[in-house]
Structures are given as structure tokens and as C-alpha cells.
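J.: Whenever a hint applies, use it, and build me the whole structure from the sequences.
Number of protein chains: 6
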Amino acid sequence: MTQLKAAIIGGGNIADTNHIPALKQQPDRVDVVAVCSRDQAKARALADKHGIAHAFASTNELYQQCAPDVVVICTPNNLHYPQTMEALEHGSHVFCEKPPAINAQQARDMARLAAQKGLVLAYNFQLRQTSEWALLMRCKTSGLLGDIYHIKAHFLRRRGIPGWGYFTNKAMQGGGALMDLGVHVLDLALCALDYPTPDQVLGNAYDFIGKTGGKGLMGSWKPETFEVEDATMAYLSFPGKASIMLSASFALNTQADKDRNLEIFGSKGGVKLFPFSLHTELAGELADVQFPYLEDNDIQLKNTAAFLDACEGKPSNVCTAEEGAILQEIVERIYQSAGR
Amino acid sequence: MTQLKAAIIGGGNIADTNHIPALKQQPDRVDVVAVCSRDQAKARALADKHGIAHAFASTNELYQQCAPDVVVICTPNNLHYPQTMEALEHGSHVFCEKPPAINAQQARDMARLAAQKGLVLAYNFQLRQTSEWALLMRCKTSGLLGDIYHIKAHFLRRRGIPGWGYFTNKAMQGGGALMDLGVHVLDLALCALDYPTPDQVLGNAYDFIGKTGGKGLMGSWKPETFEVEDATMAYLSFPGKASIMLSASFALNTQADKDRNLEIFGSKGGVKLFPFSLHTELAGELADVQFPYLEDNDIQLKNTAAFLDACEGKPSNVCTAEEGAILQEIVERIYQSAGR
Amino acid sequence: MTQLKAAIIGGGNIADTNHIPALKQQPDRVDVVAVCSRDQAKARALADKHGIAHAFASTNELYQQCAPDVVVICTPNNLHYPQTMEALEHGSHVFCEKPPAINAQQARDMARLAAQKGLVLAYNFQLRQTSEWALLMRCKTSGLLGDIYHIKAHFLRRRGIPGWGYFTNKAMQGGGALMDLGVHVLDLALCALDYPTPDQVLGNAYDFIGKTGGKGLMGSWKPETFEVEDATMAYLSFPGKASIMLSASFALNTQADKDRNLEIFGSKGGVKLFPFSLHTELAGELADVQFPYLEDNDIQLKNTAAFLDACEGKPSNVCTAEEGAILQEIVERIYQSAGR
Amino acid sequence: MTQLKAAIIGGGNIADTNHIPALKQQPDRVDVVAVCSRDQAKARALADKHGIAHAFASTNELYQQCAPDVVVICTPNNLHYPQTMEALEHGSHVFCEKPPAINAQQARDMARLAAQKGLVLAYNFQLRQTSEWALLMRCKTSGLLGDIYHIKAHFLRRRGIPGWGYFTNKAMQGGGALMDLGVHVLDLALCALDYPTPDQVLGNAYDFIGKTGGKGLMGSWKPETFEVEDATMAYLSFPGKASIMLSASFALNTQADKDRNLEIFGSKGGVKLFPFSLHTELAGELADVQFPYLEDNDIQLKNTAAFLDACEGKPSNVCTAEEGAILQEIVERIYQSAGR
Amino acid sequence: MTQLKAAIIGGGNIADTNHIPALKQQPDRVDVVAVCSRDQAKARALADKHGIAHAFASTNELYQQCAPDVVVICTPNNLHYPQTMEALEHGSHVFCEKPPAINAQQARDMARLAAQKGLVLAYNFQLRQTSEWALLMRCKTSGLLGDIYHIKAHFLRRRGIPGWGYFTNKAMQGGGALMDLGVHVLDLALCALDYPTPDQVLGNAYDFIGKTGGKGLMGSWKPETFEVEDATMAYLSFPGKASIMLSASFALNTQADKDRNLEIFGSKGGVKLFPFSLHTELAGELADVQFPYLEDNDIQLKNTAAFLDACEGKPSNVCTAEEGAILQEIVERIYQSAGR
Amino acid sequence: MTQLKAAIIGGGNIADTNHIPALKQQPDRVDVVAVCSRDQAKARALADKHGIAHAFASTNELYQQCAPDVVVICTPNNLHYPQTMEALEHGSHVFCEKPPAINAQQARDMARLAAQKGLVLAYNFQLRQTSEWALLMRCKTSGLLGDIYHIKAHFLRRRGIPGWGYFTNKAMQGGGALMDLGVHVLDLALCALDYPTPDQVLGNAYDFIGKTGGKGLMGSWKPETFEVEDATMAYLSFPGKASIMLSASFALNTQADKDRNLEIFGSKGGVKLFPFSLHTELAGELADVQFPYLEDNDIQLKNTAAFLDACEGKPSNVCTAEEGAILQEIVERIYQSAGR
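Protein chains in written order, with the working numbering: chain U, 753 to 1092; chain R, 753 to 1092; chain C, 753 to 1092; chain L, 753 to 1092; chain D, 753 to 1092; chain S, 753 to 1092.
Derived from the structure by calculation, the hints contain no laboratory data. Warning: the hint list may mix true and false statements.
No copy labels: a pair is met if it fits in one copy or bridges any two.
What the hints assert, rightly or not - Straight line, CA to CA, 30 Å or less: simulated BS3-like cross-link-like pairs of lysine-lysine: (1) K1054 x K1066; (2) K993 x K1020; (3) K776 x K757; (4) K974 x K1066; (5) K967 x K993; (6) K922 x K757; (7) K963 x K1024; (8) K993 x K922; (9) K967 x K1066.
T.: Listed below in C-alpha cells is the structure:
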């Protein structure tokens, strides 16, 4: 198999600790040839740290000098759209960080261009690669769950407004807790239902704590520049009656510091994802099933591999451009419903 | 104080084990003079068991012979409306079992007539009398919670479709899990928000398990005559942005046999109701507060007393006719949204 | 259906608290007409307590005056044989307490006579009626266990040498911990394997603690008249290679006061009986299955009903005369191997 | 004291991580001078890694060039016999990995030659050096246990058929779960009884799971080349009536992934080894004793030291050649009883 | 044996539920002939309830008409002295509720008169009859503890100021938490040391919560009439250096509602009393010993029996008049040290 | 701000692992210029390890060559006094290890000289810098505790007599468990009360285990040279009635290996320090408050910073010379009371 030539756009933490290591562990499939960051010194340092040949301060240079087969985009949310469009125009497959974009139109355009160009565009929702999710999908496929009709999904932090980065800046992020955290569990919930589009969406967004301030568990944030929502609650109803209850928060007066889970209810069985338990009937009795030996996966490694599978035309469970567009549209409809 | 003369309408279990004992424990306030049931023998037996003088087979006789100050209605849901209207017409205060009625129009009419007549009409939502709810309301009043903006409320049974009574008969009950179970926690959630009317309601109702059958934990039900919903999920959005997520089930593939709870999120503190825990900041730190010595209340005794308080013109936290009408309308809007 | 006429032989505790109440709860199937005990006053008192017409001091009188369809034998082990033979000769079905007899020859003769007479002879191993055992058999039948090839069975008491009755008297009981306790779990283990006869038996029996004395948890026993074994360990190997490890003790220096369990290992799944857990593969993963809603059965009521089923020619899972003979022979071979 | 000259035969993992480090930590007692492996490069690499002077590809060279005082044999089971005999012939003390050999005759010959030559031959059963075992032996010696009469010993894996090495190859290993795992706990059980020879042995061996395949927790094995037993159950009866129940498995449908334990029952006290608890009478009451401060031992270091003690003529609790021969004979009798 | 004739003085709850039932269970030893209470009707009702012949309103009548061998005094603390003196003068043995009296001089006088008269005077410290205390004394006697040199004793309630009776009235009770609760654990601590007299006593007493008011867990008390201490802390130092730390509270801001325990430290072993655990060395290791099968004693029955033993001249572990005097003196010295 | 020049006196473990790293993490405030130890080689090695310029064998040289602004004293207790006096005389601020000295007079003299010279003298009681203590002080300041009136403080080891150093040498250490361990919790208890001087002190000291020997959990000590107390118990009573119960042990027959805690009782709330829980009333109910997100502090770093704050004239919660003198006097009074 031919090795793909990959370039990284964005020189931050997620490139350094997630994407580059994951690519580097698959040297027979991919060769990381360049890092690109507006801050040339940062790009250089990162390239040197990982033994990557080139470091660029502009994507122009990158495309001219390297012609990468694959581009991995690890920049703030508002750059996903322009950088993805540019990469596709240059004929590169794109592996873009989540969320897809900061509004639905962007995500739709990105999907359209990728389809036009016959290129892979995928989004990095790594929770799909957890052992728990793999098992959920096997349970679904094997009929253990019957028809799935309701899902409760939440990703809650008690006081986890990040004290660094752009997480509270609306223009750069497009939103708060839903855009950063909720999308992870929403993506899984949609997968469980085969990625339908809801016919009704209702939601609310709040910022009481974010705008008031207080004790922080992920650094200290500034209430006076807090522009996004600290909590979003939403309900999605789908044709055929399936429904999703979705909760996401950066800050909420709840017990656990971090609480991320899905409950998936089907006509034959129900699953709580973390830790995985299946509730069903077996031998004529109500049964609770535990799976005590699920492995811990390196979920970034697996998701990067899934993206590369897609590039190589193999079956893959990576989040596609089309799925990303559906998800982004739902996010937008929730924010609209919430009056934001 | 003058003792009130009370009559019981309905000769079933709830009269026998809840209402009559609760009234009998307050002999200085109320005197139970009659039991009325279509089945005369049943009425007689119940009256004898509790040392009650009269037993009637028709409400006509009851009103002619006894002229009760107070009527307690413990009949199937579809009788709440006609029996309440009749009682009010005869000048009796009414303590009616929940839910108020089988549709919103009935509940509104009942409230209107009570107001016209200057009589008390109240509904028996006893969870309001738990120590936990009393403490929640004290926390709210004292400012420990700040502004309450989101509530998650659920009343879930895993396989608790009753194998007796009329619980699966739509004409008599008006609905299933929401009508029988969900209303309890919905009433509490509305109380926490001062009983507003939602501007938006979205919901879904299911009957996969009810119509399929299987192992039952509250007797065996007949899937072929199962007419109501076995699970209802809903989302309510209120003016001023507060929201409620509501889940109710007779049957759902979840872990616990019975799971009934509310989480109430405010800007300063959040509460999980059972067991009661408060999550807030204290002395500049995130604090979890337990109240280990809450008493077990006799909630029926307390709710009956609250009703009598209302009859005597005293302050009372019993569910009023107006609140009942709001609640019944929300139930109806949920069912409409769910296409039932 | 014709009601059967039943008589009780033996006026002790097991008649009073187990057999008579179980029979009395099935009045449409059986009528208890007599109690027979060597001690006439005891018989009379027991009959009066339970509203039974006749009380006899000799079985002669019983058969002459009552001609029972069914006889329930609740006497010390050494009387099981003569009283069963007499009952069968008089044409009565027999429900005999466990163990069947005090040696294998007796049990074989009892089975032979019952077969000759075309009468039901059954033994009261009630653990067969636990919800756990019923579920085990359903798991086995449904193929969840595959081929069962090894069983660990134990019934251990730490210091449970009874301080009353004849439990330490070898002539009357025929043995100690194995005869009194071990037979219960041995019977279940044999059921799981379809009641085969082992080709090899190896065992040891001990009496260190019983002959030394010390703290007792079921009253105080007399070491100087302790004649039976306080612990028996055995291994059974069956044609086709299945095997059973069996442990029974009245007294053993182990942690739990009482510990009674079976582990059943099959090619596809294994079960620990109390509390019931199933260990298998599901959806390609190792799975542990719990069944949290197993009912508590009234196992004596169910076993008496199973015996009556057999008398009425219906399918029944009560321990048959043939199974009893196989079990008694195994007990005898264990004691022989142990040199007792 | 003179430093002993030691050589390692076998270049695998056990040499690298267990034996060489243990020897290297006792430099005043022993000097590791050579590593010998059929694969010269492997021997060289291992020697270099640990700073050992010589690396040989044949034992011939080893003995000619180094004349080691001590030889440590870390090769597959089938080589234990020829390599031990050769080492003894060359006048070296031998520390051989467990099990002693692949049949009883080999182990007896090895013991005989060591005795003839006046050399130490010992086997590496390191569990003897756990704090728990040391405490068990102190309890036994101090009389806290009285007469030990029954032992339950097991070493069970749920799905632990190794996916590497020769563990499923009968010719090289001599057997499966019993040969690899069961011998560890059998050795301890025999120690507790002062290493007697049983007068009766009964056992069964199974390979249902091994030959069928499925999920593995120690890599994936090939069912089609699975030649050994995946589970062995056995019962040993000794002169004077003591008995051992022994269970060993590579694969069994049981709950825990790994479960290794002994229960030792004596007339005065009983012990469960892991975690260590003693069950006895104290001050006239039944007492459970925990020892919360047992140290974690470096058991390989201690066992190597015990072997060196033996070489130096000091008291030692290392497994002797004679004990190894008794154990190997028991293993053989179990396999014979099981028809393998 | 001659049956003793007993009379009860005091018609309250402790007579009704503790002393009379305990006496009535030993009919071969004692015959309860009279109840005496200032309130004649109360005396009569109590006598009738328990089938006791006589009911008196004055002790004069009692002694004139009944001449009891034994008198049991169950009246408020301030009556213990006069009623005991009177009973002794009339030649009756006395079993007096704790505490002995309301000051040391009274207790000394009571002991002196009993000795003069050759009569038994004993105090009802029933905790001496718990299984835990019996085992502690056996451990002490058997040498398992070595020399006992320090004891921590506490009897703490979080909000247990009784809302009934005279518990907050200083004139009638003589004190608060120490007088009512502390004496129980102080008596045990003194027993463990063979009832020495301390050479130094230091203590403090508090009434912050009692005088402020708040939530009560044993009814509601009145802060404005709260005269006793709500908490007493003290330290006792004995000749030979043993020491006791003593804490008693009716109200204290501590976690548990009720917390009553002793820790007894000896040179060889230490004991925590509830639940009983022994901490020592065994077989050369630090050992924690649990005794899981201690029986629940009917401690009042046992203590009454112990008093009767004393009356019959048998060995008894009931609290003697001399011990009571020592204890009362210590209480007085603590209060003096605390400036009360 | 000018950087302070610091010197370390004492070349042991506490200098190496606590003080030097803490100073080195604040390079903008302090520059460590010298290490001084009687053992020149040790001083040199330590200096080299941490990149410190000078290493001296005598304090003379130190003061002549370096003129440090700050001296940190990490030597055995008996050297604290002479070295502190010398340092003050040379004009250096002093940060001295705890305890202040080996008797009260020394501590008073040290405080007096520091005051005279206008220099900072502080003692290293680092527990003041735990998050728990900081929160306690915030709770006290905010009024959540009301008046603090009783404190139980203990620092107990079960078998923690150090097997190294001078801990059992009375001349060098001045005492045992109280001097080494008890002072930590005594300092905190005094802080909670604003560092008062007690008007009464009563205490006892023991050495049963220390002088007998046995199993050690911190190495093995020599009973024959054990000169200090292994346990000290004491009671302090303060003007205004507050009291402290204090327990400290190197060896005691208690359950936990190490157990260090304070309970602080106030009129409005009580606190258990580790883990921090607050017991109070909230919303009219008894409430238990947990603070689940307290950070782990680097307490040495914080305490060193607090000392530097003091040197720079900033507010600081480091233990002052005056507090140290009060504490040392209490220790002396306890030992006197205990006859040591």
C-alpha cells in the first residue's frame, strides 16, 4: 500500500498529544510531512519534537511545497470551515476536529465540496472508538436491543468552564457547552438511530453560573467576558417517534465533577454506556448483564486509523461529512430554539 | 372548631388504606359519616371495617341523607369529573385523587365551578408532603438555590405495568404511565417553578413492551388489551426560559425496578431530591450537603390535613383546583405532541 | 378432581412447620385426615393445632381407620425404610423426608416396592423448588450452558452441630453432615447432570471438632456422644467424564456461619447458584449476568405441590424413588471410601 | 563467603525478568557469568543487557569454558530433564523452573542423580516466599491450626489460555492447566501436609473451551492446535486421612478473571490464604483474624536466595529435588486417572 | 430456692419496659408483689398491666403491708437517696437505677448503710451485661490485653436533649449529659481498671447548644429552662499512671446521631468495644481480630439476674454500692473541676 | 523585590527533600547559597545535587563567608536552640524545624532574641498549609462554627517507632511521640483557639510497647535503648473554658497504622478535619457538608512561602516565635504532669 503524506494544521495541544502521536504509530500507512501554524516558531518546535520535516506559517506554503494527501485540522472552531474548504480545493482528504463548523451552512458546504471532489472529509468524534460503543453497536446489530426508541445523553461538568483557550468566546467557538461537549454524546446518540434528522427540536440555554463566576475546577474563567452558554438542555423528536434528551454543561450545580453517559432504550434491551450494562430478559427473567473485561482502547489511535481506512476506501465508522452536516444542523436548531 | 362531616366515594384500596385512615386520625377535625360505592356490599364492608355509619350504593342517596361538608373521591380517573361536579353542586368541598381528570377541559370546568361555589377542590398529590419536598421548598425560600432554571423529573418502572385494575384501559384512565405516575413528579417540578404554564411542549409516547408482553414485576398484564402508553418522554419550556425534562414509564429496559426522582438546578444551588442532597458553594468551596436526619412522614396523613386546612381557610400547600387544571392541560399537550 | 386423603407420620417440628402447612394451603387437592406419632399426646396436640380430625399412636390404627391415599413421613432417618414399606403395602403414595434411608439397600428396596405397587414414592428435597434452581434448569434447557462437565457443591456450617435431636447419633441418623446437609446439594448436582451413577467415588470424613467440643452456633452439643462425621469431602467421577466436588460440614474452621452453594460449569456458560449469576459470552464479549428480580419461593409449598402432581399423574420435578436410590448409593459409597 | 559462579540456560522472558535480576541483586553471593540459548543472538543480547560476560549457543561450550557452580534452567518443560541431568553431570547445582519435568520418571531420575552427586537440585515454586505462606507456616508451627486435615486449592483462569509460547503444545509442556498453574498451589498444599504421597488420586481433565475457541484475556489461542487440558479437577487422599481438592484451569466459565487461593482446614483453626484470614476460637468465642500489615515480598528474590542458601548448606525452604519428584508423580497420577 | 418478694418504686417507663419484664421472666427466683408510685392511678394501671397484686401511693404502705425482700427503685435521680435509705432501713435489698445519687455524699451514705445492714445495694448499669463487655473481661483475664493503661470512653448524642421528663432540670437530675449518659461508659472504663479512685481529675462542661436551641432528634427541648450541661469532657489520671478520657454529650456538632464506645489500650492488646475488635500481635504479626458471632443479650434480664445472684450470695458482676460511691465521687469531682 | 540569600543548616533528609526543593521553586524570592553540615562531604554532596555554591562544615565559616539573610535549620531537636541563637546573633531570619526546642526556656529565649533583633523566627508546622486547615480557618472566620469550645486532636501510629535516626534518644530529641508527632496537631488546635495559654494541664506518658519490642512498621527499633515515651495523652483547659484532648503515639494497640485528625466543636458547627466534613444546621435541618474538590497542596512549598512572606513583612500564617514558645511550654507542662 502507498503511504499517505499528511500535514497538520494547528500547533496546539490537540495536535501535539492526540493527532500527531496517533499518526506516528501508523508509519506504514501515513507519513507526517509538515506542521502548519500561524506562529512559525510554534510550528517549528512541534515539528522538531515529533521529527517532522517541514514547518510552515501559512497554508499557502504548505500546499505549494508539500501537496499533502491528507490534512488534519486542529484549529479553533471558526477556522474549520475556511481551512477545510481550502484543503479540499487542493485535493487533500481532510480529518477535521469536532465540531464540524460554527454553523450549519458551513458544514453543509464542506460536505458538498468533499462529495464534489470525491475526497474524504471526516470529523474526529473519538468516543465512537470506545470499547463500550463498539459493544453497543454489536448489541444493536445482533438484535439484543430490538428497536431503539429513546436515548438520554448527557455530558455535564459541575464547574468545568475552561480557564484557558477560547472556550468562552462566541465568535471563535460558535457556542459553549453544547458546541464543545454536547456534540460528542449527540453524535453517539444519532449513530444509535442511524443518523436521522429530527422533525422537532426544542431547547434552552443558560449562563447563570458562567456570568456570575465562582470556584473553578478547570482553571478560573472571567465572568465578564463569558459569552457562551454554560448549559444547554434539548429534546429531539424524530420521524417514527424516536426521541433524544440531551444535556450538556460547562457548569451546573450537580454532584459529580464530570458526568458523561448515554442510556439507550430499545424494545428488547436497554444499555447504560459507562460502565456498560445491558438490561433485558434472558431465560424468561429480567437480566442485568455486565461485561467486566472490556479493554481500554486508545481511541484517538483507532479513530485516526478509521479515517485512514476511509481514505483507503475501506469500511470505516469515522464520522462522515454528511453526518457532520446533520449534527451541525441539529446544534443550530437547538440554539435557535433556545433563542441564542 | 366545628368538626367537618366527610363522605368517601369509591370503595377500593386507596380509600381503605390511605384516605379513611388519614381522616380517622384527625377525629377532632373531621367525622367520616359515609362510604359510597356502586357495589353496596363493598361499601358496607368498608364502612363496617372502619366504624363508619352509612354505606350507600348511589351518590344521590349520599347527598340526600348525609349532606357531607367534604367529599373524598377515590374512583377511577374517568369518574373524577362527574363526581366532583356533582359534589360541588351539592355544596361539598372535594378532595379528589390524582390525576384531576382525563382531559384538560374537565379539569378547567371543575376549577371554575369550585371557584363559583366558593368551595375547596384539591387533588391528592401526596409527594408534596415528603420531608424532602418540604426541605426543598425551605431551601428555595431561603435563597440557597438562587433562580431555578432546569428540572429533570422522572418516575420510571422497569416492568411495573399493573396486572390488576384499569391501568391499561384508555377510556377509564385517560392514559398510561404519564397519567398515573408522571403527574406526581410533574406536579413537584411545577411547584418548584411556582406553577407556570409552558409556552412549548414536546413529547413522545411508546408502547413497545406493553404491547409485546413479558415478565411482570407488578403482576401479569395482557398485551392484547394494552391500550395506553408504557413510557412517555417530554420536554417543557417556560416563559423566562426555565425547562423541565420529564420521563415516566410503566415499562422500560432500565436497571432499577422503581426509580423516582427530581433534580432541581438553580443558579446558586442544585438539589437531588431522593435521597436529598444539595450541591452548592460554601466558604468559597464546592460543597455537597446531606441532611441525614430527615423524618419519614406519613404523607397521606399530612396531605389530608393540608386539605382540611384549606377547607378551614388556613394556609395550605395542597394541590389546588387551579394547579390541577394547569397540570392536566400540560398532560394533554404532551399527549397531543406525542400523537396520542 | 378428587381430593386425596393424607396422613402425617411423625409429630416433630418438620411436620408442624413444613408439611402440614403446605398441605393445608392446597385444600382442593388434599385433605389431611390424621397425624400419627408414637407419643399419642403429641399427635393429638398437633392435630388439634391444625384442625386435623384423627390422632394415632400407631400406624396400624392409622391404616385400619383411615386408609390414607397419601402418607407423609417426617420421622428420624432410621424409620424412613420400615414406615415407607408399610405405607406402600397399604397402598398409599409416600412423601418421605430426606435422606431416603440410612443405607443404599433400603432405598433400593423402597423404590422396587413402589414400582411394583404402581405407587408414587418421593423424597422431600425442597431446594429443587428455589427460583434459582428453576432458572438453572431453564438455562440448561435453553442451551445457555452447553455441556455441563463439572460441579462444585458444598453445604458448610462453621459451628452448626445441632444441640438438639438425634443429629449426632449414628444408629438413628446413619451419618452426619453428609447425610443431613450434603444430600441437599448432591441432589441438585445430580439433577444438573440428569442423575447419573458415578463410576468412581473417593471421599474422606472427619470428626476433629465434633469430638473435641467448643463454641456452638446451633446450641451446644456433647463431644462425648458425638458419633457421626462433622465434615465429609468427596469427589465423584461419572461416565463421560463429568465430575462433582462435594463438601459438607456441621463444623469447619471456615469464615461464614452457613455457606451453601453450587457452581455449575458448562462448555458455554457457568452458573453460581446463590445469588444466581451466569458467566458466559454474549455479543462476542465475556459477560456476567445477574437476575435481580428472582422471587422468593415458598419451597415447601411448591415441593408438596410437585409431589401431589406426581400422585395425580402429572409432570413433576419432585425427587423420585429411583433418584433417591441412586443418591443413597452414592452416599454409601462415599462413607465406604472414607472408611466409615 | 566465596561467590558462586552462575550460568543461565534459556534466553526467554523468565530469565530476563525473574532469574537474572534476582541473582544480580545478590552480588556478594553469586556472579552471573554466562547466558546460554540455542539462539546465539538472543543469548548475546540478554547477556549485554544485564552486563554478563559470556553468551553461548550450546551447553557444551558453557560447561567447557565456564564450569559454573550453579546453573539456572529457564527453558520449556521438556528440556528440564536433559539439561538438569547434564548440569549435574558437570557438577553444577541446579535451580530449575517449575514444573520439574514432563513425567514422574524424569523427576525421580533427576532427584536420584542430584543425591548421588551431592548437589543441590531445586525447583522454582516462588509462592512459598509470599508473606502469606510464611505466616501460614508460622501459624502451623505455633499450633494455631492444630491438625491440618483438608485443603482446597485452586488456580483458575476464566479465559487465560496463553496466546503465545508453547502452552498448548502437549509434547513440549507435558500438559496444560495442571502442569502450568495447578502445580503452584499443589506444591503449597503438599507443604502444609509435610509433603506426603497420596494413597488415592482421582481426577478429570477437560478441553471444551480450549478446543472451541472464543474471547481470550491473555491473547488469542488457536483451538485447532489446542492439545492440552484447559481444566483439571482432582482429589487426593492421604494416609492418615488428610485430603486435597485441587482445581486448575486455563479456561472456565467462572466469574473472576484470575482466582488463585488455598483454604487450609485444621482441627483448631482454618486459613484462607489470599487475603490471609484465620478462623479459630479465641477467648471462648469464634474469631476471625486479619493481618493487615503483611509486606509484599519480592518472591523471586527470596526464592533465589533460598536456593543459594541450600547451595551454601544453610536451612532453606526451597522446593527440593525429592519434593519435586513427589509432586511430579502426583501430577502424572492425576493425568492417568483423567485418561490423558 | 426460696422465691424473693419484690416491689417496684416508680411507675414510669423504665419500670414498665425494663425492670418489671426482667423480673417477670425469672418467676422461680422472684415474685413481684407491688408497685408504688406517688400517682396511685398510675401504680394501679401498671400493676394491672403486669398482673401484680398491690399498688401503693406511698412507700409507708408498701413496707407495712408487703415487707418486700427486694426493692427496685426507678424514680428520678434526686429520690434515689431517700428511697434507698428507707428501703435499707426496712431490711430490703435495693436495686437502684443509675446514677447512684445526685452527689457523692449520698452515695457514700447509701453504701455505708447497706454494709451496716448486711444488705445488697446495687446499681443498674446494664452495659456490663453486653456480650462485648463480657468478652472484654475474658480478654483481660486471659492476658490478651496485658496491662491496661489508657481508655477513651464516650457517649455522645448530636441533638439528643430529651424533650420529655426532667433531664434538663438540675435539681432533680443533679446534672446533664455526664450524669445521664457519661456514667454508663465511665462505669465500664472503671471496671476495666478494677475500679480505682483517680488521683487527678480535670474537666469542662458546656451548654452552648442547650441554651440556644435548634433542631432536636429526641423531641424538642426548651432552651429557656435548660439548666444542665449539654456536654462534659474530662480526663482522669490514676495512681500507677492509668488514664481515662471521657466525653459525654446531649448535644454536640458531631456526625453521628448517637455514638457510644470505649477504646481500651493495653500493653499487649487494645480493644474497640462496639463492634468488638481486638488489635494485637499473633504469630509475630500485627493482627486484627473480629468476633462475628457475639450474641445480642437481653442486658436488662441479665443485669436483674446478676442483682438476684448477689442477693442470693452468689458471685455477681452487678455494680456494687462501693463502686457506685466511687463513681459518684468522680462525677462530683468532674463537675467541680468544671466549675458547676 | 530583592532576592534573599539563604543557607541550610543540617544535611539530612528533611533538608534534601523538603526545604531545599521548596526554596528552589521560588527563585525570584530566594537564592540558596550554602549548605552547612558537620559532615563536610555530606554538605558537599547535597550542595552539588541541588546546584548550591557553598558547602561548609561549620556555621562559623558559613556566617563569615556568606552572611545569609535567611537560615533554615534542619538539625536534631537539641541543636535548634544554639543554632537559632547563633543565627539571630548574626542577623539572619530563621526558619527552624519543629519542635521549637527541647524545653520551654529555650523557646522563650529564642523568641526574646528574635524580638530584640527585629528578625523573623518561625517554625515549620506545615499542616497549617493543608487545604483542610485553610478551609477550617475560613469556616471559623465566616462564623459557620460559632464559638469553638472543644477540640479532640490525635496523631497516632500503631507501630511507628522509627527504626532510624535519634527518635528514641531523649537527650537529642527531648521526648517521644508528643515531641515528634503530637506537636503538629497541638499547633493546629491552638490556632483554632487563637493560641491561648492553658490554665490547667494534665497528662500521662507511657512506654510499655517501646520498652518491650515487637513488630515494627517503620523499621525495627531497639527496646533496650528506648528512652522516650511511646504514647502521651493529655488534657488542656483554657481560661474561658475551652478544652483540648490530645493523644499522640509512636506505638499503640489501635486499628489504623496511622491516624491523624482533629475534631473541632463549635457552638454553631463542628468539623472533622480529615477528610473535611462540617456538621451544622442548614435550612432548619441537621446538615453534613462535604467539600469533595479540595486540592492537594504542596504544603512545604506553601509554608516556606509563608515564612518568606513574613521575612518580607507581609501577612503570613507561619508559626511565629511567640506561638512556638507557648506550644513548647505546654509540651513541658504535659511532660511534667506525666512525671517525665
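J.: Next step is simple, just say for each hint if it's right about the structure.
T.: Consistency of the hints with the structure:
{"no.": "1", "hint": "K1054 x K1066", "result": "within (14 Å within a copy, 54 Å between copies)"}
{"no.": "2", "hint": "K993 x K1020", "result": "within (17 Å within a copy, 36 Å between copies)"}
{"no.": "3", "hint": "K776 x K757", "result": "within (12 Å within a copy, 45 Å between copies)"}
{"no.": "4", "hint": "K974 x K1066", "result": "between (46 Å within a copy, 27 Å between copies)"}
{"no.": "5", "hint": "K967 x K993", "result": "between (41 Å within a copy, 25 Å between copies)"}
{"no.": "6", "hint": "K922 x K757", "result": "neither (34 Å within a copy, 48 Å between copies)"}
{"no.": "7", "hint": "K963 x K1024", "result": "between (33 Å within a copy, 24 Å between copies)"}
{"no.": "8", "hint": "K993 x K922", "result": "between (33 Å within a copy, 20 Å between copies)"}
{"no.": "9", "hint": "K967 x K1066", "result": "between (48 Å within a copy, 25 Å between copies)"}
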